[in-house]
Amino acid sequence: MDEKLVPVVCPYCGVGCRLYIRSSDGHPLGIEYANDIPGISNENGKLCPKGNAVLEYVLARDRLKKPLKAKEQGKFVEISWSQAIKEVAERLKEYSKDDPNSMMFFGSAKTFNEPNYLIQKLARMLGTNNVDHCARLCHASTVSGLKAVFGAGAMTNTYRDIEEANVIFIIGHNFAETHPVGFRYVLKAKERGAKVIVADPRFTRTAWFADIYLQHYPGTDIALINGLIHVIIEERLYDEKFVRERCTGFDELAKTVEKFTPGYVEKITGVPADLIVQAARTFATGGKGVITWAMGITQHTHGHDNVRLLATLSAICGYQGREGCGVSPMRGQNNVQGACDLGVLPNVFPGYKAVSDPEGRKFFEEFWGTELSGEVGLTVIEAAHAIEKGKVRAYYVMGENPVISDANTNHVIKALHKLEFMVVQDIVPTPTMEFADIVLPAAAMLENEGSLTNTERRVQWSFQAINPPGEARPDWWIVSEIGKAAGFTGDGPKGFNYSGPEDILREVNACTPQYRGITPERLKANLAGIHWPCPSEDHPGTRVLYKERFLTSDGKAHLAAVEYRGPAETPDEDYPFLLTTVRYVGHYHTLTMTGRSRALVKRWPEPLAEIHPEDAERLGIKTGDWVKIVTRRGEYPIRAKVTRTVKKGVIAVPWHWGANVVTNDALDPVAKIPETKACACKVVKITEEEARELMKKVPPVIPEIEIVRG
Amino acid sequence: MTRRILHVDYSLCIGCETCEGVCDFIHGGRPNIKVYYTITGIPVPINCRHCEKAPCMDVCPAGAIYRDSDGAVIINPNKCIGCLMCLAACPFGVPTFDVKLKAVTKCDMCADRRRLGTAPACAEMCPAGAIFFGKPEEVEEKVRRRTAEKIARERLAAVNLEGVGRML
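Heads up: the sequence lines are chains A and B, in that order.
Just so we're aligned, residue 56 is where the first sequence starts under our numbering, counting upward by one.
Just so we're aligned, residue 461 is where the second sequence starts under our numbering, counting upward by one.
Hints were generated in silico from the structure; no laboratory data involved.
Nothing here was measured: the structure is a model prediction, and the numbers come from that model.
We put the CB at the ideal spot given by N, CA and C, even for glycine.
Just so you know, not all the hints are guaranteed correct.
Unchecked claim - Partial list, computed: chain B residues near chain A (C-beta under 8 Å):
| no. | residue |
| --- | --- |
| 1 | Cys476 |
| 2 | Glu477 |
| 3 | Thr478 |
| 4 | Glu480 |
| 5 | Gly481 |
| 6 | Glu584 |
| 7 | Pro587 |
| 8 | Ala588 |
| 9 | Arg606 |
| 10 | Glu609 |
Unchecked claim - Calculated lysine to aspartate or glutamate pairs in the DMTMM-like style (CA-CA distance at most 20 Å, straight line):
| no. | chain 1 | residue 1 | chain 2 | residue 2 |
| --- | --- | --- | --- | --- |
| 11 | A | Lys703 | A | Glu672 |
| 12 | A | Lys408 | A | Glu420 |
| 13 | A | Lys243 | B | Asp469 |
| 14 | B | Lys602 | A | Glu246 |
| 15 | A | Lys126 | A | Asp492 |
| 16 | B | Lys513 | B | Glu597 |
| 17 | B | Lys494 | A | Glu661 |
| 18 | A | Lys245 | B | Glu601 |
| 19 | A | Lys751 | A | Glu661 |
| 20 | A | Lys751 | A | Asp680 |
| 21 | B | Lys602 | B | Asp469 |
| 22 | A | Lys469 | A | Asp492 |
| 23 | A | Lys751 | A | Glu761 |
| 24 | A | Lys549 | A | Glu562 |
| 25 | A | Lys243 | B | Glu601 |
| 26 | A | Lys740 | A | Asp629 |
| 27 | B | Lys610 | A | Glu246 |
| 28 | A | Lys245 | B | Glu609 |
| 29 | A | Lys243 | B | Glu609 |
| 30 | A | Lys243 | B | Glu600 |
| 31 | B | Lys610 | A | Asp266 |
| 32 | A | Lys243 | B | Glu584 |
| 33 | A | Lys310 | A | Asp294 |
| 34 | A | Lys310 | A | Glu289 |
| 35 | A | Lys469 | A | Glu127 |
| 36 | B | Lys602 | A | Glu98 |
| 37 | A | Lys314 | A | Glu618 |
| 38 | A | Lys696 | A | Glu672 |
| 39 | A | Lys243 | A | Glu98 |
| 40 | B | Lys494 | A | Glu232 |
The task is simple: from the sequences and hints, build the whole structure.
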């Protein structure tokens, strides 16, 4: 028996923890903690409950093992790989000839950099920029907002800087629950004496560790941040030298925030005025400050503005370009950063070169040896609307689950029904797969190798630990075969001839300036990885961005002055509550992975809607009662949990089990992210039977697919 | 005999239930450390304290409970008669009756792992670093150092925030 320890990267969140898989002849025996690799993001090899259960979903019984073709909706016959690839390539080629913009490609933040690079290359070589991925639903606002202020959309610092900070402002981010291992850095900073300020509509696990806790209403972030900036400017606590030398737009900012006095902000947000003053003073005088945020900030119709304001707050305090400072948007998936970097976005090529910029386009036209479209493509939610109008007719979905993850599920399902052709490439059956014409079985992350970029821009190599089940193949192989079958057989970057992920990463090195020095050889030798930008092979990587200048055209931070806007939908007589979505530490996104993990399902078996005791009493609801959450878009049955962690008038629902049937798909005008964090709803007590009836209408998170004989 | 203690610092717990998860895995679906949430929502992991004057050991009529060389209080399932006197005597309500085994089980401070020279799984894995394992003086040292820093911090915070981060 050939037993070995394979170093991999955890397939869950953006922290990018390392661990070993003990395997024998491609069969997993167990996990081992990577407590012997210095410099990794999970010190001493610590893992959270999901990390400890990584093997369970890989070994799920319903893993896809053969390519499938739909006979009718939800019924499939098995086909061979050559047949599947031929059919997909031919269909894509037809659409490409007809109208390339009638196709939509979904990359995935859950797979390696290499297949993501390939899928956007395939889309673009077929003539469309309609390529996007789930970052649209989580950190689209971060990418656009940070780009507007600082010139690039990434975390400006690393975990080590969080540990070294004197004041940490956590807003719209349940750090302890979403990134438990990363939260250790906050705890260590706190042990050192750092102050922790938490702003969240819910009294979360993160809030337990706050020195100052600000509980604002969902969707009132702009007012809250403007209020903090108001106090900082009013009391002249900002870094005048930094503002003078490295920022523009300060006067306008000062004028805009003038009216956001603590008293005024208290009225909008419900946060006591003196707490706002205290938080502003603590943050501005800390000397070294970090701001972290996640979905609570980004998933709003004003997500782009929220992010710009946070970046502004950080800049006026002079918390940029230094160690122990910076802004840290926390990515949800282990490769969202990488998928964004490599251009799986409708508006940019790899390395964030705008598709509308002729110079950048020319570079890629020469590099890939084909003509490229300069028209900005469609985003995830826009694509669903474009199907209805008949503009989009084909979907290629790689490792995504829009039926559960997109806001306003009922609308998405209606749209998917109308699609002519849909390819789903995934590891397990998902509710999205029901609508597929062709299903391509992919290898899971631990079953193939490649590079991944975690939330702190750390690129790491994950090795293959296990053999994929049946005929499941690595994502990069599938996309490159389709590329070849579609006729892109040129040499090097001009075609899709690759012998392995290393080849693809070398091509990425050649066309993406940030990744230039991050070669596969270097990554394999250095398990702790390299932080981009890394411009050459002897460059050690960059820990803190913007030490000298920002990446904007004039090198300065463009401070944002933003007027207050609330959520797109506010409570009214018919829908008196404000609904917000949350998540659990033991579950992951659309449950395709954790839902197949017995240990995790046992501990976190079902969602519970959190409701304030006074509201609950008025409606006659007790903990454990069934209720239905009703919005203008749908109904969702769930059991209630009466708790003071939410404010009066606010309902918090975990979204893993398909709660997006009720959320709002109103979009941020710039980032095009749907507002899943705030919408108006009503709560109605129902019986268990009614709940069961309703449950049938919600798409099942773990569907059973039928495989029939050809 | 090298004494080891397993100490949980409740003020550091983030309620992620990793301890319960890994314990569940190691002990075949029956975790010996369990996180309970108080009415205020604060998590409290409860596990065997391996008391120095263990009431369970004193009260066990079958003599099934003994202390091993690291100081862990262990139940021998072959001797246990399942009378649950240990549960009655335990101040933390730790002993659990295992219907299949027809005996009482509880935390054994990961005896199998200690034999291999590694720490109990919960201590090794806690992402918040809230579980300490080691010789009593080592653990006590860590706990006291933390307290000292807390006291110093409170004094500094009363002056201003400037001095923060310069400690140690």
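Just pull the numbers of the violated hints for me, sorted ascending. Violated hints: none; all satisfied.
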